Amino acid sequence: MKYFLNLALCIIALGGYTALSAQTATGDVRGFVYDKETGEPIIFTNVYMEGTGYGASTDVNGFYSINKVPAGGYVLMCTYVGYDTTRIDIQIKAGEITNQKIFLDKSDIVLKEVEISTKKQEAQSEVRTSTIKITPKQISIIPAIGGEPDLAQYLQILPGVIFTGDQGGQLYIRGGSEIQTKVLLDGMTIYNPFHSVGLFSVFETDIIKNVEVNTGGFNAGYGGRISAVIDVTTRDGNKKRHAGKVSANTFLAKALLEGPITKLHPDGTGVSGSYVITAKNSYLNRTAPLMYDYVNEQGLPYSFTDVYGKMSFTVDNGSKFSLQGYRFGDDATFRETSDFSWTAWGMGSNFVIVPGQSKIILDGFFSFSTYDMKLLEGDLKPRTSSIGGFNTGVNFSYFLPKGDIKYGIEMAGFATTFDFYNPLGIKIVQDQNTTEISAFVRYKAEVGKLLLEPSVRSQFYASLSAFTLEPRIGLKYNLAENLRLKASAGIYTQNFISTKSDQDVVNLFTGFLSAPEGALKDFDGNSVANNLQRATHAIGGVEVNLGKHAELNLEGYYKKFNQLININRNKLFASDPDYIIETGNSYGTDILLKYDYKRFYLWAVYSLSWVTRNDGNQEYPPHFDRRHNTNFLASYKLGKDMSWEVSARWNLGSGFPFTQTQGFYESIDFNGGIDANYLSQNGTLGVIYDEKLNGGRLPAYHRLDLSLHKEWKIGKYSAIEANASLTNVYNRANIFYFDRIRYERVDQLPILPSMGLAFSF
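Numbering (numbering that gives the first Met the number 0), first residue to last: 0 to 760.
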């Protein structure tokens, strides 16, 4: 790691020397862009010197930096959809940094052409291979199940994402299991972002500022996972006035409250602070017997409660500190014999420091998260698992005329506990603590029409005494104004493993473990170099602007899972290994077509993919290997004021694999040991499975959802919203799984109507 820190310092020094040599004739301008009404930063908008080629985009904090501008007078200009254009006269002084805040006023005129131009410029200046940015506006377009649009529902329509079920289903991203996807909320690690019903996440849509989904090939800024990253950031509370929103529907109720702690001054000077608190509670387990009793014998036995709070403080130059915390909980009961519950809580802080005349910007974080789960299943002994720990880090950003350098150091520590009995009655227990230390360097540059983003991450896993070097790279070539080629590749490692096997079809319980410390051997009998899960990614694609309002994105990818570690579920004797080594592959093609113009929005996705695992005995497809997956989303706004919105989503997916049944037998457990009388003892029904794992395929899945939304403005800040939705409109009987013992089919959710009201103030 010392080598990479020295390398980072050398790169910074080289950039500093280049900047110093030009200081006699150039200067820099930087600052933040804010919504004048709320004080909220405006992200991913362009700031530029009018009539010149000098400009930059704001980041997730609303920060921009324009470097090496020839000294002189300029008009600093910022135009963003939904806001009036702002122009500010500034004077650039040689060798100095000018700090300039920009406040934008909301406008009643929707500048679609400006929005299209902004997106196009961003596409030409960012690599963005396998990266999708999601805003609350996009989430609200999807048909709102239960009257509440949710990130969990929107993630299902992304290219490369497979959703396995409406009841307890999980998301799998380009061949990686859920344990291999890192989920962050304002820098805090979220170990389970989805509730058991499968339709809702722990994230509150109304406070989401941005979601960045990296389905593969992500840069060295992220570590600790080998497949994908979902990074969620929330907005600050309103710094000008107290506001809120309350809503209720047939699924759940929720409330939001926000406002200033210290009001933002009109000129943006001084210290300002704000708060935001959200809470939501599902009462589906109580309303289902009345409204949806036809679903199954128990209705929908799910309930959950989520609470989230955040305080943010900003000073004159834009430096910022925030403190946030959460408490999420879930409970689900199935067939009156299985009860699954989990609770999660955490807290964290973030800061951004903007030094007066330094070219380096600092940001950092500290967080602590815990997650505890328990499964009670019939007469079986309970399964329990928990994970908790901290992560902290500091990053340094150095901005160049056409690019930037970012490097940082991170540390994480966590503890895992696990108590599990396998089908043979053998107890598996783990109670372990571990620490990880990492450092990364990422460099982004624009060389003519070529965008370069090389990066490298080094990680030290203390419990395993393992050091890894993970080089990664991203490329984009602007072949023409409306045509761009892109590619990325990288090496990835992680310490976490899951108790859930890729062979499981339905298993809500996902125990978390750290990698075993003892020596392991692969299925050829060779000792492995280290006990980490490892993967290699390679991705290539093309972006095309089809006129002013349509975009086409095509990507092909390959993920090689070089080493996967799973619990040995076939352990018979104490001498048998607790863990086995597997390998895997995932490859395919994703196509995304998007059209957005005035009242009409269209999103169409097609994914073709193959996923395999090899446990040493045979190669098999895991249960989430869906060959074809298609999603169509369409939305249209009606009325003069566009206060009506109708949305439709249709999903078609080919069948998931499953292991076929060859026969049945009477299973005797010999509870009496060697004295057991197997001639008189009553056994249970045992299943003889086909020797080919997941050799069969279930029927195809398809579902149509519709929703209607209406908004009434009753004041400058007040509004009433009404929602009505219909899930699974034509009542398709989509199979969830087949219960071999009871010999009955269990289906996904049938047709579900819902209605809701919301009041914002």
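Derived from the structure by calculation, the hints contain no laboratory data. Treat the numbers as computed from the prediction; the structure is a model and nothing was measured. All residues carry an ideal CB built from backbone N, CA and C; glycine is no exception. It cannot be assumed that every hint is accurate.
Stated by the list, open to error - Okay, derived cross-link-like pairs now, EDC-like style, lysine to aspartate or glutamate, Cα gap no bigger than 16 Å in a straight line:
id : residue 1 : residue 2
1  : K709      : E644
2  : K136      : E710
3  : K712      : E644
4  : K67       : D330
5  : K712      : D738
6  : K100      : D315
7  : K691      : E710
8  : K373      : D403
9  : K597      : E644
10 : K709      : E618
11 : K105      : E121
12 : K244      : E720
13 : K499      : D577
14 : K105      : D58
15 : K208      : D83
16 : K401      : D338
17 : K100      : D58
18 : K208      : D58
19 : K132      : E550
20 : K136      : D595
21 : K35       : E95
22 : K401      : D83
23 : K448      : E36
24 : K712      : D595
25 : K239      : E39
26 : K239      : D88
27 : K547      : E121
28 : K358      : E95
29 : K136      : E480
30 : K715      : D640
Claimed, not checked - The following label-pair restraints were derived from C-beta to C-beta distances:
id : residue 1 : residue 2 : range
31 : Y282      : L468      : 22 to 32 Å
32 : T683      : L553      : 47 to 57 Å
33 : V446      : Y635      : 34 to 44 Å
34 : T434      : I667      : 41 to 51 Å
| task | With a cut-off of 16 Å on the C-alpha distance, tell me whether K712 and D595 pass. | result | violated, 25 Å
| said: Between the alpha carbons of K358 and E95, is the straight-line distance 16 Å or under? | reply: holds, 10 Å
| query | Does E95 lie within 16 Å of K35 when you go C-alpha to C-alpha? | reply | Between K35 and E95 the Cα gap is close to 27 Å, so the pair fails against 16 Å, i.e. violated.
| Holds or violated: K105 with E121, Cα cutoff 16 Å? | Violated, because 22 Å separates the two Cα atoms, which is more than 16 Å.
| K239 paired with E39 [C-alpha distance capped at 16 Å] | Satisfied, since the Cα-Cα distance of roughly 10 Å is no more than 16 Å.
| Given the hint that K67 pairs with D330, does the C-alpha gap stay at or below 16 Å? | Answer violated: K67 to D330 is near 56 Å, above 16 Å.
| Does the structure keep K136 and E480 at a Cα separation of 16 Å or less? | violated, 27 Å
| query | Is it true that the CA of K208 sits at most 16 Å from the CA of D58? | reply | OK: K208 and D58 at ~12 Å, within 16 Å.
| task | Given the hint that K401 pairs with D338, test it: the Cα-Cα distance must not exceed 16 Å. | result | Violated, at about 56 Å.
| query | Between K132 and E550, is the straight-line Cα distance small enough, at 16 Å or below? | reply | Holds, at roughly 14 Å.
| said: Within 22 to 32 Å: is that where the Cβ-Cβ distance between Y282 and L468 falls? | reply: violated, 51 Å
| query | Going straight from one Cα to the other, do K712 and E644 come out at no more than 16 Å? | reply | Between K712 and E644 the Cα gap is close to 15 Å, so the pair holds against 16 Å.
In this structure, the earlier hints numbered 4, 5, 7, 8, 10, 11, 14, 15, 16, 21, 22, 23, 24, 26, 29, 31 are contradicted, and the remaining ones agree with it.
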